[in-house]
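S.K.: The listed protein sequences correspond, in order, to chains A and B. Taken in order, the first sequence gives residues 36 to 284; the numbers are from our numbering. Taken in order, the second sequence gives residues 36 to 284; the numbers are from our numbering.
Be aware that one or more of the hints could be misleading.
Note that identical chains are pooled: a pair holds if it fits in a single copy or bridges any two copies.
As a list, the in silico BS3-like pairs of lysine-lysine whose alpha-carbon atoms are at most 30 angstroms apart [unchecked claim]:
(1) K120 with K262
(2) K239 with K41
(3) K41 with K120
(4) K91 with K183
(5) K277 with K48
(6) K183 with K232
(7) K269 with K240
(8) K277 with K262
(9) K120 with K232
(10) K120 with K239
(11) K89 with K48
(12) K247 with K183
(13) K240 with K277
(14) K277 with K41
Calculated directly from the structure, the hints in this document are not laboratory data.
Protein chains: 2
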Amino acid sequence: MISSLKERRTIRKYLNKDIDEQLLNELLETAFRAPTTQNMQVYSVVITREQENKEKLAPAHFNQPTVTSAPVVLTFCADFNRFIKWCEQNHAEPGYDNFQSFVTAAIDALLVAQQFCTVAEISGLGCCYLGTTTYNAPQIAEILHLPKFVIPITTLTVGYPADIPAQIERLPIGAILHHEAYQDYTPEAIHRLYFEKENLAENKKYIEENHKENLAQVFTDVRSPRKDNELFSKTFLDFIVKQGFRLPD
Amino acid sequence: MISSLKERRTIRKYLNKDIDEQLLNELLETAFRAPTTQNMQVYSVVITREQENKEKLAPAHFNQPTVTSAPVVLTFCADFNRFIKWCEQNHAEPGYDNFQSFVTAAIDALLVAQQFCTVAEISGLGCCYLGTTTYNAPQIAEILHLPKFVIPITTLTVGYPADIPAQIERLPIGAILHHEAYQDYTPEAIHRLYFEKENLAENKKYIEENHKENLAQVFTDVRSPRKDNELFSKTFLDFIVKQGFRLPD
Numbered sequence: 036m037i038s039s040l041k042e043r044r045t046i047r048k049y050l051n052k053d054i055d056e057q058l059l060n061e062l063l064e065t066a067f068r069a070p071t072t073q074n075m076q077v078y079s080v081v082i083t084r085e086q087e088n089k090e091k092l093a094p095a096h097f098n099q100p101t102v103t104s105a106p107v108v109l110t111f112c113a114d115f116n117r118f119i120k121w122c123e124q125n126h127a128e129p130g131y132d133n134f135q136s137f138v139t140a141a142i143d144a145l146l147v148a149q150q151f152c153t154v155a156e157i158s159g160l161g162c163c164y165l166g167t168t169t170y171n172a173p174q175i176a177e178i179l180h181l182p183k184f185v186i187p188i189t190t191l192t193v194g195y196p197a198d199i200p201a202q203i204e205r206l207p208i209g210a211i212l213h214h215e216a217y218q219d220y221t222p223e224a225i226h227r228l229y230f231e232k233e234n235l236a237e238n239k240k241y242i243e244e245n246h247k248e249n250l251a252q253v254f255t256d257v258r259s260p261r262k263d264n265e266l267f268s269k270t271f272l273d274f275i276v277k278q279g280f281r282l283p284d
Numbered sequence: 036m037i038s039s040l041k042e043r044r045t046i047r048k049y050l051n052k053d054i055d056e057q058l059l060n061e062l063l064e065t066a067f068r069a070p071t072t073q074n075m076q077v078y079s080v081v082i083t084r085e086q087e088n089k090e091k092l093a094p095a096h097f098n099q100p101t102v103t104s105a106p107v108v109l110t111f112c113a114d115f116n117r118f119i120k121w122c123e124q125n126h127a128e129p130g131y132d133n134f135q136s137f138v139t140a141a142i143d144a145l146l147v148a149q150q151f152c153t154v155a156e157i158s159g160l161g162c163c164y165l166g167t168t169t170y171n172a173p174q175i176a177e178i179l180h181l182p183k184f185v186i187p188i189t190t191l192t193v194g195y196p197a198d199i200p201a202q203i204e205r206l207p208i209g210a211i212l213h214h215e216a217y218q219d220y221t222p223e224a225i226h227r228l229y230f231e232k233e234n235l236a237e238n239k240k241y242i243e244e245n246h247k248e249n250l251a252q253v254f255t256d257v258r259s260p261r262k263d264n265e266l267f268s269k270t271f272l273d274f275i276v277k278q279g280f281r282l283p284d
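For reference, chain A alone in the conformation it holds in the complex (with noise of 0.2 angstroms):
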């Protein structure tokens, strides 16, 4: 079991067959049995099937192939909005509208994401997250008609995997622990942990397909330049205050 996880890799091609209702429901239900902020579950799962709809979400996404042609597009949200109305029903006060009780509600949101990803794979099928979700969020918003105090925070695509892609590197694990304290890197370290990862094939082709001096740069220069951060940053931001959730003063 434990060595499947060790085996796991993102999939993002999908044969051209359904996930049944009942296994995607049963897939749910477990992963909404992962740990939730004081049994609070302020998440939500909108689940996008229809053809029409994946084209709809596509755009938000970067176009990424995989948004329609996986049988299944599940956007995970972080959701005060259900809470809220039930506190109100209940002449209780809630005092939700700010930046904390956002991340909490992202936090659950993320573990149940990754909580179906695993029970998923686990069954077969193979997942994909989208990061784009945080950076067009408006959008998604908007083609899923979600109210006030529901932001889409992840994106997974599933399906039944068409090929079983090569494993990916991964950093050495000293590069990701630190014992009772951080232990700042120097650059000697920096050099060792990423040297297995600079030198691999595939990453040397990125470097050259981008004409670029090494690996670094092409994250910097052309997977996640400044200025899309930066636009992304403010984009974000806003809309979680439009959402309901107030900056501090």
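Dock chain B against the given chain A, drawing on the hints supplied.
M.R.: Chain B only, in chain A's frame:
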């Protein structure tokens, strides 16, 4: 396998039994196979095993007894420090000092935390999330010596279960799922979806103990009142900025 994940529960009390270092590393290495944005792995994990250090962390987690009684405490951090150092060392210009990059790193850290929780549970360990991590991030960062661009996002206490508590309730899956678009909740739907939760003996006990009229008021008045949420909002957002993730103008 799926059925064991459906039966999972949070474990707060542990046997007085250490976790073998080789096992812990194996679980962490498996967790680091969780999906990560652009395979950047912008997270770090600080392992606390020393009793003295657990006692230092405990007040930041409001002295929840699970912190000092667990053999292992793991603090999962959003970490762009390592990646930025790698970029700078390669004459690549990092543009990650912004809110969206913080969000990316926080997502990475949370997916890894949940993957760790799952592999630990599958291996017979029990875990408890500490939502206090984002409330008292500055204190935790000081204790763990977290540098610029590193922010604690969540904490897991881990150990062998001392007992297996009853599984707590979840909302019916219909409360969480939306097909094709978000269907907002009518007052009748809210009443129906929360009915079972409101009427559980355990939840009725909380109402009585706290001298409240109903369960919603236990949340709004006792568990997360407005003034706490607003204080923690300010503390956390100020800390995000202090650690180098600028807010948009």
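S.K.: Each hint: holds or not?
M.R.: Taking the hints in turn, this is what the structure says about them:
no.	hint	result
1	K120 with K262	between (38 angstroms within a copy, 20 angstroms between copies)
2	K239 with K41	within (25 angstroms within a copy, 43 angstroms between copies)
3	K41 with K120	between (41 angstroms within a copy, 28 angstroms between copies)
4	K91 with K183	within (21 angstroms within a copy, 39 angstroms between copies)
5	K277 with K48	neither (35 angstroms within a copy, 41 angstroms between copies)
6	K183 with K232	between (42 angstroms within a copy, 24 angstroms between copies)
7	K269 with K240	neither (33 angstroms within a copy, 45 angstroms between copies)
8	K277 with K262	both (22 angstroms within a copy, 21 angstroms between copies)
9	K120 with K232	between (49 angstroms within a copy, 15 angstroms between copies)
10	K120 with K239	between (53 angstroms within a copy, 20 angstroms between copies)
11	K89 with K48	within (15 angstroms within a copy, 45 angstroms between copies)
12	K247 with K183	between (43 angstroms within a copy, 28 angstroms between copies)
13	K240 with K277	neither (42 angstroms within a copy, 37 angstroms between copies)
14	K277 with K41	neither (40 angstroms within a copy, 36 angstroms between copies)
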